[in-house]
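Novice: Put chain B on the given structure of chain A with help from the hints.
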Amino acid sequence: MKKTVALVGTPNSGKTALFNILTRSNQRVANYSGVTVEGVEADFFLPGGDDVTLSDLPGAYSLRPYTEDENVLADALKTQSFSGMILVVDATQPERAIRFLIEVLDSTRLPAVVALNMSDLAAKRGFEYDLVQFAALLGVPVIPTAATRKKGIPELLAALEVSLKNQRREAGVFLGESSGSASSRIIDFYKKADELLKRIMIRKGFPDERSRKLDRVILHPVLGPLILLLVLGVVFQMMFNLAQVPMDLIDGAFAWLQGKVAGSSLATGWKSFLSDGVLAGVGGTLVFLPQILILYALILFLEDFGFMARAVFMLDHLMGKVGLHGRSFLPLLSSYACNVPGILTTRTIESKTDRIITTLIIPLTTCSARIPVYGLLISAFIPNTPVFLGLKLQGLVMLGLYAVGILSAFLMGGLFKRFLFQGRRPPLLIELPSYKWPSMRSLLKGIAYRIRLFLKRVGTVILGVTVLIWFLLSFPKDPISGAVAVDHSYAAMIGHAIEPLVRPLGFDWRIAMALIPTFAAREVMVGTLATVYSIQGSASVSDVEQLSLILKSEWSLATGMSLLVWFIFAPMCVSTLATARRELKSTGYMMLMLGYLFGLAYLGSFVAVRVFS
Amino acid sequence: MVLNSESPAFTPAPETLGEVETGERAEITGFRMVEELGDFLIRLQEVGFLVGEQVEVIGKAPIGKDPISVRVKDAVYAMRRDDANLILVKSVGRA
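Which chain is which? The protein sequence lines are A and B, in order. So for the first sequence, this note's numbering puts the first residue at 3; every next one is plus one. So for the second sequence, this note's numbering puts the first residue at 534; every next one is plus one.
Chain A on its own, in the form it takes in the complex (with noise of 0.2 Å):
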């Protein structure tokens, strides 16, 4: 059976780099029985040959897990049978990390190898350590390594095939059984830590001098939230900008798909389910490829430099007036992109409230999904007059909307606070690392590993709705001529079921139609109006443009302005409502998040469109 080695290190030790540096491209989600959470792993050789699989375990600082990332740790290591360990130490912050290391070896008697990462920067910060005392006493191999620059990974390779072949490791003379009080335990740990430190550290090097000083930029009291300002402005500017011309050569593909498609010998049918079903609904997903990729990239950038730390420490403070935790900052930011990975980012939350109330709201952010619906909505319904200094109408109702979703987000998570989870604020702690120069190859492997995610779920659940809807679309056809009537069709059946439900919010059934499908994915909203109206009507609807001006006739404004209101607020996505329940492990908060979203939706449009008419 192929051997498994388990990754575990405390958080910034490097871990995750020494992991994109060990390992072949070709990271995947694990899932452990019994858990539902996941962690990545990938497969790396050893000199000798043999085929590896590593696990790259969440960062801890501690076995007895405070944080549910810290659960994932402490469970895998209890159910999994690993073969082995590589445990990372920083060796620029020994003191915490040789306590956690003491901890980890101390629990199990799997054969160990210890990465002693980040030498180099140790050695130029001036620190030393007697290596041979250091695996002498502890009675694992240890092997400076410096993953960022591919340093020390040979040995480390050799000593852990070395290691593999036992079974068990001795326990080191410097280890024993600990028992008593978790209190009592770690006392014990760190004079253990404290002693061995003694004798293995030859000098003790400086403090970091360069993050001190930058810190007094960064967290200056006018300039640092200046520089938060500023970084998220371009964050978002460059989401939009840098994104447009991937996505119209994305889109020009699919259109020149859709142009030979309907070039070609094909049957009728075929070239419909081709054309409408398969390439409308993969094309309109993968468009948002690039500005997903930005977006993760930027974060995954802010947070290996060390930002992001500094960013909840500045906005704990406007965060806590809101109910919410510093930390549901990066997984409020994350959602910008998708709303699924963003709620399995509140997994770094400490406190299971915050979590809860993070995740409840997650859904009001922005996320990428909605944008080519305002898009569409507001080009048909929206002048684009000069407003002032070079401001359109356009663009300036484009901020109001993700204006309005996160002060929405931001209401609706102090009422959360207020009503239903009333006592002490949770603590915070949060460690403000080291500045650091992110390796490349590490953000490329991340993004790389999100994009496949991404394109799973495009290949998957997106390619299945797409043809459901278009089949829902297309069939029964009409009984006399035998050709596509959407009138008559299934989807039709169905949009004039719900239209009664929906008309307070002046939507027809031909809109009730078209949001079905939104169920499964936002996006599909605008391809399946263009199928609506490009199978009904005799012209094909393939560009937005032209879709946007048959809209402009057929509704009215308020019935533009209603459905608007609604996607800020509809709990329109089913990947979002699954991954809540998954993580939450509740179905009840799942449905709370479903019924206070369709609650205000409801509300929002049925406003709206009496403000309008």
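No lab work stands behind these hints, which were simulated from the structure alone. The beta-carbon is built from N, C-alpha and C at its ideal position, and this holds for glycine as well. One or more hints might be untrue.
[What the hints assert, rightly or not] Here are the simulated DSSO-like cross-link-like pairs (lysine-lysine), alpha carbons at most 27 Å apart as the crow flies:
no. : chain 1 : residue 1 : chain 2 : residue 2
1   : A       : 323       : B       : 593
2   : B       : 593       : A       : 354
3   : B       : 593       : A       : 215
4   : A       : 206       : A       : 354
5   : A       : 587       : A       : 80
6   : A       : 152       : A       : 354
7   : A       : 153       : A       : 167
8   : A       : 419       : B       : 598
9   : B       : 598       : A       : 215
10  : B       : 598       : A       : 438
11  : A       : 419       : A       : 354
12  : A       : 153       : A       : 438
13  : B       : 593       : A       : 438
14  : A       : 419       : B       : 593
15  : A       : 193       : B       : 623
16  : A       : 126       : A       : 200
17  : A       : 354       : B       : 623
18  : A       : 273       : A       : 262
19  : B       : 623       : A       : 323
20  : A       : 80        : A       : 354
[As the list claims (entries may be wrong)] Distance windows between CB atoms, simulated:
no. : chain 1 : residue 1 : chain 2 : residue 2 : range
21  : B       : 565       : A       : 206       : 29 to 35 Å
22  : A       : 126       : B       : 624       : 52 to 58 Å
23  : B       : 585       : A       : 201       : 18 to 24 Å
24  : B       : 555       : A       : 53        : 49 to 55 Å
25  : A       : 613       : B       : 565       : 30 to 36 Å
26  : A       : 218       : B       : 584       : 28 to 34 Å
27  : A       : 323       : B       : 566       : 24 to 30 Å
28  : A       : 157       : B       : 563       : 44 to 50 Å
Specialist: Okay, now just chain B, sitting in the frame of chain A:
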């Protein structure tokens, strides 16, 4: 002359970490036990806030002057003043 809390020169010695001024060092003497925060107190010890340990308050957040950042052992942590007030200290002086 007896200094009292109204005379300007009087600054009471900090008793909890939340009261320690930026740039000051303090030695941890104990913890204020709060039932629902037992886990948090253990986590504090795990990252190095142990009785007898010297820590340094190195900054405060620009907005609202809360949370504060504290150096303990070889790392820096941010924590809210409220939470820092669970840690009892005696002043050691400036770093």
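Novice: Are the hints correct? Go through all of them and say.
Specialist: Do the hints match the structure? See the list:
1. A:323 x B:593: Holds, at roughly 18 Å.
2. B:593 x A:354: Within the cut-off at roughly 26 Å; holds.
3. B:593 x A:215: The given pair, whose Cα atoms are some 15 Å apart, holds under the 27 Å limit.
4. A:206 x A:354: Roughly 39 Å separates the two Cα atoms, so the pair is violated.
5. A:587 x A:80: The hint holds at about 21 Å.
6. A:152 x A:354: With a Cα-Cα distance of about 38 Å, the restraint between residue 152 (chain A) and residue 354 (chain A) is violated, given a limit of 27 Å.
7. A:153 x A:167: holds (24 Å)
8. A:419 x B:598: holds (23 Å)
9. B:598 x A:215: holds (19 Å)
10. B:598 x A:438: Answer holds: residue 598 (chain B) to residue 438 (chain A) is near 26 Å, not above 27 Å.
11. A:419 x A:354: holds (12 Å)
12. A:153 x A:438: holds (17 Å)
13. B:593 x A:438: holds (22 Å)
14. A:419 x B:593: holds (25 Å)
15. A:193 x B:623: holds (22 Å)
16. A:126 x A:200: holds (20 Å)
17. A:354 x B:623: Outside the cut-off at roughly 33 Å; violated.
18. A:273 x A:262: holds (10 Å)
19. B:623 x A:323: Measuring from Cα to Cα gives roughly 31 Å; hence the hint is violated.
20. A:80 x A:354: holds (23 Å)
21. B:565 x A:206: 29 to 35 Å: Since residue 565 (chain B) and residue 206 (chain A) have Cβ atoms about 32 Å apart, the given range 29 to 35 Å holds.
22. A:126 x B:624: 52 to 58 Å: Roughly 34 Å apart at Cβ, these two residues miss the hinted range, so it is violated.
23. B:585 x A:201: 18 to 24 Å: Holds, at about 21 Å.
24. B:555 x A:53: 49 to 55 Å: About 54 Å separates the Cβ atoms of residue 555 (chain B) and residue 53 (chain A), which means 49 to 55 Å holds.
25. A:613 x B:565: 30 to 36 Å: violated (53 Å)
26. A:218 x B:584: 28 to 34 Å: Roughly 31 Å apart at Cβ, these two residues keep to the hinted range, so it holds.
27. A:323 x B:566: 24 to 30 Å: holds (28 Å)
28. A:157 x B:563: 44 to 50 Å: At 45 Å between Cβs, range holds.
Checked against the numbered hints above, the structure breaks hints 4, 6, 17, 19, 22, 25 and satisfies the rest.
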